[in-house]
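There are 4 protein chains.
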Amino acid sequence: MHFSSDNWAGAHPSIADALTHHAAGFAAAYGASDLDKKVEAKFNALFERDVAVFFVGTGTAANSLALSTFNRPGGVSFCHREAHMLEDECGAPEFFSHGARLAPVDGIDGKINPELLENEIRRFPPNVVHAGQPMAVSITQATEIGTVYKAAEVDDIAAICRKHDLPLHMDGARFANALIALELSPADMTWRRGVDILSFGATKNGCWCAEALVVFDPDKARDLPFLRKRSAQLFSKTRFISAQLDAYFENDLWLQLASQANAMSDLLQDAIRQSSNARLAWKSDANEVFAVMTREKYAALLQQGAQFYEWKKPHSVGDILEDNEIIVRMVTGFATTPEHVSAFADLLG
Amino acid sequence: MHFSSDNWAGAHPSIADALTHHAAGFAAAYGASDLDKKVEAKFNALFERDVAVFFVGTGTAANSLALSTFNRPGGVSFCHREAHMLEDECGAPEFFSHGARLAPVDGIDGKINPELLENEIRRFPPNVVHAGQPMAVSITQATEIGTVYKAAEVDDIAAICRKHDLPLHMDGARFANALIALELSPADMTWRRGVDILSFGATKNGCWCAEALVVFDPDKARDLPFLRKRSAQLFSKTRFISAQLDAYFENDLWLQLASQANAMSDLLQDAIRQSSNARLAWKSDANEVFAVMTREKYAALLQQGAQFYEWKKPHSVGDILEDNEIIVRMVTGFATTPEHVSAFADLLG
Amino acid sequence: MHFSSDNWAGAHPSIADALTHHAAGFAAAYGASDLDKKVEAKFNALFERDVAVFFVGTGTAANSLALSTFNRPGGVSFCHREAHMLEDECGAPEFFSHGARLAPVDGIDGKINPELLENEIRRFPPNVVHAGQPMAVSITQATEIGTVYKAAEVDDIAAICRKHDLPLHMDGARFANALIALELSPADMTWRRGVDILSFGATKNGCWCAEALVVFDPDKARDLPFLRKRSAQLFSKTRFISAQLDAYFENDLWLQLASQANAMSDLLQDAIRQSSNARLAWKSDANEVFAVMTREKYAALLQQGAQFYEWKKPHSVGDILEDNEIIVRMVTGFATTPEHVSAFADLLG
Amino acid sequence: MHFSSDNWAGAHPSIADALTHHAAGFAAAYGASDLDKKVEAKFNALFERDVAVFFVGTGTAANSLALSTFNRPGGVSFCHREAHMLEDECGAPEFFSHGARLAPVDGIDGKINPELLENEIRRFPPNVVHAGQPMAVSITQATEIGTVYKAAEVDDIAAICRKHDLPLHMDGARFANALIALELSPADMTWRRGVDILSFGATKNGCWCAEALVVFDPDKARDLPFLRKRSAQLFSKTRFISAQLDAYFENDLWLQLASQANAMSDLLQDAIRQSSNARLAWKSDANEVFAVMTREKYAALLQQGAQFYEWKKPHSVGDILEDNEIIVRMVTGFATTPEHVSAFADLLG
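Residue numbers (numbering that gives the first Met the number 0), protein chains in the order written: chain A, 0 to 348; chain B, 0 to 348; chain C, 0 to 348; chain D, 0 to 348.
A hint or two may mislead.
The list cannot tell twin chains apart, which means a pair is met if one copy fits it or any two copies do.
Stated by the list, open to error - Below are the BS3-like pairs computed for lysine-lysine, each with C-alpha atoms no more than 25 Å apart in a straight line:
1) K36 x K162
2) K162 x K311
3) K282 x K311
4) K37 x K311
5) K162 x K219
6) K162 x K41
7) K36 x K149
8) K312 x K149
9) K219 x K282
10) K162 x K282
11) K36 x K311
No wet-lab data here; the hints were simulated from the structure.
For reference, chain A alone in the conformation it holds in the complex (with noise of 0.2 Å):
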């Protein structure tokens, strides 16, 4: 009953073959490889395009690199109020862009409000330099309470970027679940609606450690191998990556695993509303689950041995909470069964 987060597994089989296999023999450096540039191919099939691809190894490197491509000084980003690199990233985003701001954006279900945005962005007039001025906009794909943008969501998004000249940036450190509960393509998804730029996770869906940063218009990553290698995110054995993601890709090894995560987030939220002891927060698209319960049954589940976190309440979220409730959040993987999900719902009842 581990639903404490989806990076508490380690990694799929396939996965962990592929290390095996590659550890023989040797090969260049430094992303060099002929595996390595087989792996790049699969992201420019993937993307139907040319794509420029940075393996790094986390996805806050990823995101803080994404914000550095575009830094301005005095620059002013704007995400959502509880995106991950505001909440969750201890501050690196503003260190790898020379403390270039994070700007709030509320708004609703976890998604940037555009109206909002649009506020937000005009709080920086050009050339005034007093205020600072506008960098990037950056959404996060599925979002981090577990729902998603739907396209025309990121279109309104990508339509003000556009307006104001800033760049896109999608934080796709679930992209997989995001794009199962859509059932759109990767270019449907991202550069077709006018994403510019790609965290791309793999980690949290079955690699022990594989993260990438996709640019869209290659002509635009042109600092980028000296911002990641200046951030010391250029891995010598970089196949240890590329070998990752090439399992991860085969067979569309990584769409099934996705899938098997959002089935199980499926599962769960059914349980969830027949339980007479919890019941949604709000609907989860993807393979994240938020539930209401007491602080009492949230103790005893945690006291059998289910494992999963209390949530701060969301500033986006309305006031859905009575007296000794508090919300919980319950994350599904690669590695959840319908077993996980059933032993959970025997103790939730």
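With chain A's structure known, arrange chains B, C and D on it following the hints.
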């Protein structure tokens, strides 16, 4: 005949097995798992004291975080002119420490000359703001040119550090190779000689991706958890590093691997000594071998399938080249076999 | 009728005279002259203790250096949502502190609400690296909207700082105006209440360019000489700042100038209270006056030669505007005369 | 007998008068006043083209902002080993450019040797991320040791910059002295020779505090307003700089002042040539004079009231000292008189 670098090999089979073994199941993320704790305890045992250990993804990260631990405005760190952090890290140390400078110090055999170090430090008198202020000293063990600091040589540097109240960092990207060469214990090669902080490298010696920053006085590591996270080096599935290191230390595997690498280096040096087409540029103590040959011979060997690089003549080496001669570097590693060496020796003639 | 800002005036004649007086002759550069030492001693006398004083060129420099003194990786400093450092310094505080973040705290009347401050600090539990770590608290005295923190209000903030072991910074760009409003001594408005570091502004109150960073415990200022020099704020002819401050303090000139500014503000507030075309937006304690008027009236006054700006409605003020009404700001200064005020009052009607 | 530095003098009477003259009245802040615009126009006239001008408070600020204008990750800027930005700015250039490095280039007479510059740039091949990437070249005119780059010498450096597509910065802390020495127009000493950006110093030559960054192609200055504000160098009462520069340029005052300084330097050099107790260390072209004397003679002169400093023997000067001899530096300035020089000459004997 792969002598390009010790990072062209993949991972040792035991390391790969460990990753497979730990791929299944769930465990706490971000370094809180039992396996993470177990490996931390192994570091304590290894160094015969309680140390603070921080796993990171690259040697550049370890070095750069090490310096940033002692960061000062206008800070100047002293390292050998040919140090990796100065020559090959794209300004990462300066980036991590917000612009603190690296000052090159000369010295023969790739090692800092203590007298020149003393002179260089004196260029920054306390309280003279214009010049800046000394911040740290860094030595590389083994050095970039395959030599190692003898115990007494580390003592000399450490004495200068103590005199000026400067922390001493050791870049141990090839720590195990130096250890084998010196026949010292880890404690005797580090903190017992005055080393304060160590970049402990395991990637070059058989891991896929496993580096650690070791702080010998844990009280001085207060900021490091935040520094590491802020630099995007805290891995969610930290177990993927712990698993590698667990196997690395098991039954002294790491020492066997470094012994193998060093032995192959000795073999290769013998072969070069006996060759009429090349000569040793200088004696190597660890797993990098440097030879002098003509440009034509180098081209011929490449043609015949040998893989190794021309090496820029180090500042710290005198006038050893005749017309048309170059220096080449050959690196042995855990995966180098006597067959590799003898095949190369045959070609060399 | 110049009410645009207190930095539209030039310098008080005594300040200008001092610059002329000290223009002749030679003296040690970089803060080592007798005049520099004399003015430093005046700061000691003023604050009734030995302080460390650092002259700088702008209020932004003083604020940003103040925060950088307490810099921490992943650091978060707390200030009012409308604080100058958050709204008007183009990210300088973040730049100087290498990406440390400013967290806005709400509160009515432009002042931090202690309870909200406590809540905000609690969002960063010690040792949780993801969120970051608290670093400092900053209050502005007088505030950006013309109010001042009463002594007890400073006490409340300082108590929270002590509880969380956080340094307290005071942005005193309008320090003298607050002092006059509160009828407190400099010591009683600062370190005796728990303020650790002060941006002491003199430019707005009659100098050309004279700001100082005052550290009440000189032991905590060890790095500041280097921080200041590194940020290009150490002036070679530091006497040009000392000369201004020498005259500024002479015969309590500074207090007279602030009294004049505050008195003109009172006069102006009276005029607005008596007007049928405007009303006070809120009561000002210092030298900034905020009024509500229609957009038409504002346009008409500008047309007639009055100089002042529309002001964005602060978050910390409730719903005080009717349709078509705006808030305007009028700033009085040392150079404002009763004639300026009455001319404006006549126009206002 | 004040020869310690050209920043030991205060301000020229005309400069002081200008500050008094403009002290009265009100004008727009932050560089928007008529006076600010008037002085900007004077820069255009001076350089015979439209330039972008940014007033700042220190030469260190001008130099550091200049480099940050061309900032690149892993960036390396090339300057002479004895350049002020490398020796005397406490890491400000690295801080402003987020850790970009300064690479020292040798050359006799304090001037970059073009061949060595070419060699040094070649150490950073395009697209090799390990080494970093070239970013800018900076020359100092007049140099730190009183020499000036001849027109053809600037041409040589500029040609290398063009070849490698690198911007050329000129540190003109003593711009006027170099101009007088070379008898060139400002345009001919800068952009017509390939200089892209200039630190224009006026402080040492008679102002209290007036430095400007001049960008010859205004299109390249897009980020500079934000860079300047973010580094706390945008003064609210910018008129205090404009007023100084207005008087500085009026009736070619600045050229008269530099002529005076250079003439006094010539007089002083003559005196030293005729002395039996000292000799010229090398010929100075501008307003810094370097002499060789015994340590005893130096001590005696200090005792008798002469003020000047011992100077560390520059790398770029050969073996010119005999036992017990030292190099001393004497700086003349706008306030130096023939009486100062002859009094010194009398003491020197």
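Have a look at K219 and K282 and pick one of within, between, both or neither, based on CA distance no larger than 25 Å. Classified as neither; 37 Å inside a copy, 46 Å across copies.
My question is about K36 and K149: at a cut-off of 25 Å on alpha-carbon distance, are they close within one copy, between copies, both, or neither? Neither. Shortest intra-copy (33 Å) and inter-copy (42 Å) distances fail the 25 Å Cα cut-off.
Within, between, both or neither: how does the pair K162, K219 come out at a Cα-Cα threshold of 25 Å? both (19 Å within a copy, 24 Å between copies)
Reference check for the pair K36 and K311, CA-CA at most 25 Å: within, between, both, or neither? neither (43 Å within a copy, 28 Å between copies)
Regarding K312 and K149, is the shortest C-alpha distance of 25 Å or less found within a copy, between copies, in both, or in neither? within (23 Å within a copy, 34 Å between copies)
For the identical chains here, do K282 and K311 meet the 25 Å Cα criterion within one copy, between copies, both, or neither? within (17 Å within a copy, 38 Å between copies)
Treating 25 Å as the Cα threshold, decide for K36 and K162: within, between, both or neither. Neither way: K36 and K162 sit 36 Å apart in one copy and 32 Å across, limit 25 Å.
As a check of your reading, is K162 near K282 (CA-CA no more than 25 Å) within one copy, between copies, both or neither? neither (32 Å within a copy, 40 Å between copies)
Same-copy or cross-copy closeness of K162 to K311 [CA-CA at most 25 Å]: Between copies, since 24 Å is at most 25 Å while 35 Å is not.
Copy assignment of K162 with K41, given that the CA separation must stay at most 25 Å: Result: close neither inside a copy nor across copies, 32 Å intra and 38 Å inter.
Since the copies are identical, ignore which copy is meant and state whether K37 and K311 lie within 25 Å (CA to CA) inside a copy, between copies, both or neither. neither (42 Å within a copy, 32 Å between copies)
Consistency with the previously given hints fails for numbers 1, 4, 6, 7, 9, 10, 11, ordered from lowest to highest.
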